[in-house]
Amino acid sequence: EPEVTQTPSHQVTQMGQEVILRCVPISNHLYFYWYRQILGQKVEFLVSFYNNEISEKSEIFDDQFSVERPDGSNFTLKIRSTKLEDSAMYFCATSRWGGETQYFGPGTRLLVL
Amino acid sequence: GQQLNQSPQSMFIQEGEDVSMNCTSSSIFNTWLWYKQDPGEGPVLLIALYKAGELTSNGRLTAQFGITRKDSFLNISASIPSDVGIYFCAGQLGQAGTALIFGKGTTLSVSS
Chain A
3 EPEVTQTPSH QVTQMGQEVI LRCVPISNHL YFYWYRQILG QKVEFLVSFY
53 NNEISEKSEI FDDQFSVERP DGSNFTLKIR STKLEDSAMY FCATSRWGGE
103 TQYFGPGTRL LVL
Chain B
12 GQQLNQSPQS MFIQEGEDVS MNCTSSSIFN TWLWYKQDPG EGPVLLIALY
62 KAGELTSNGR LTAQFGITRK DSFLNISASI PSDVGIYFCA GQLGQAGTAL
112 IFGKGTTLSV SS
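Which chain is which? The protein sequence lines are A and B, in order.
First residue of the first sequence: 3, per the working numbering; consecutive thereafter.
First residue of the second sequence: 12, per the working numbering; consecutive thereafter.
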């Protein structure tokens, strides 16, 4: 069964550093999403992406965040200058169409020191 | 922002018991989804509901999309130890590519 994959599984970084989290969507899926989950809390939406542009974003997704699909396969989330409060699990999700079921990857655990 | 109220927050049950959890909202949702999350892993889809009143089963799991489109429940029958985990409801307000709004989760513990 096709799966969403994410790399790295864990990332430790210093405050102020840039990080790039990578996701490989399910092959015939057209909509891509990033969510985050702070330890012990609920999953929160960050951004959705379709046809090479952002279709929706939350207030969490500020100027420090950006997304792109650089090579037609990977879907990336970049955090330009990490803060302590960016420490969380970051999940990529994809769906075949908008409004269809979103399938989640295993997540990247980001720790900002 | 939009809120989903999920209850109960946690449950401690004996193996073999049935479990019920639910989510409510003041907003109308087009889609309700139920996910299970094991520690350190991503949410895994259990059941997706697309129509008001829809009742869907997946093995021992049954979920319903409320008639008012503001609520959903998930039942697990004859629980087993591997049912342990955190169960999240998630709703989608719009259609194309819209965000999932998650509940805070129900932590299920099953003792054998």
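Hint data in this document are derived by calculation from the structure and do not stem from the laboratory.
Any given hint could be a false lead.
[Stated by the list, open to error] Covered by chain A, according to a simulated footprint, are these stretches of chain B (three or more residues, beta-carbon under 8 Å):
1) 31-45
2) 55-69
3) 75-82
4) 87-97
5) 111-120
[As the list claims (entries may be wrong)] With a cut-off of at most 30 Å between alpha-carbon atoms, the simulated DSBU-like pairs for lysine-lysine come out as follows:
6) A:K59 with B:K115
7) B:K81 with A:K85
8) A:K59 with B:K47
9) B:K81 with B:K62
10) A:K59 with B:K62
11) A:K44 with A:K59
12) B:K47 with B:K62
13) A:K80 with B:K81
14) B:K62 with A:K80
Bear in mind the structure is a predicted one, so any value in this text is a computation, not a measurement.
Ideal Cβ positions, reconstructed from N, Cα and C, are used throughout, including at glycine.
Hints, one by one, checked against the model:
Using a Cβ-Cβ cut-off of 8 Å, 3 residues of the stretch 31-45 of chain B lie near chain A, which meets the minimum of three, so the contact claim holds. Restraint check on the stretch 55-69 of chain B versus chain A: 3 residues with Cβ-Cβ distances below 8 Å, three needed, restraint holds. For the stretch 75-82 of chain B, the assignment as covered by chain A is violated, since 0 residues bring a beta-carbon within under 8 Å of that chain's beta-carbons and 3 are needed. For the stretch 87-97 of chain B, the stated coverage by chain A is violated: 0 residues have a C-beta nearer than 8 Å to a C-beta of that chain, whereas at least 3 were required.
With 6 residues having a beta carbon nearer than 8 Å to a beta carbon of chain A, the stretch 111-120 of chain B meets the requirement of three or more and the stated coverage holds. For the proposed pair K59 (chain A) and K115 (chain B), the alpha carbon gap of about 20 Å is at most 30 Å, so the pair holds. Proposed proximity of K81 (chain B) and K85 (chain A) is contradicted: the alpha carbons are some 36 Å apart, above 30 Å. Using a Cα cut-off of 30 Å, the hinted pair K59 (chain A) and K47 (chain B) holds, with the two alpha carbons roughly 24 Å apart.
Proposed proximity of K81 (chain B) and K62 (chain B) is supported: the alpha carbons are some 12 Å apart, at most 30 Å. For the suggested pair K59 (chain A) and K62 (chain B), the alpha carbons sit about 26 Å apart, so the restraint of at most 30 Å is met. Annotation: proposed proximity of K44 (chain A) to K59 (chain A) holds, straight-line Cα distance about 17 Å (limit 30 Å). Proximity of K47 (chain B) to K62 (chain B) is assessed by CA-CA distance (about 21 Å); at most 30 Å being required, the pair is judged to hold.
A threshold of 30 Å between alpha carbons decides the hint, and for K80 (chain A) with K81 (chain B) the separation of about 35 Å lies outside it, so the pair is violated. A distance of roughly 36 Å separates the Cα atoms of K62 (chain B) and K80 (chain A); the hinted pair therefore is violated under the 30 Å criterion.
Violated hints, in rising order: 3, 4, 7, 13 and 14; the structure is consistent with all others.
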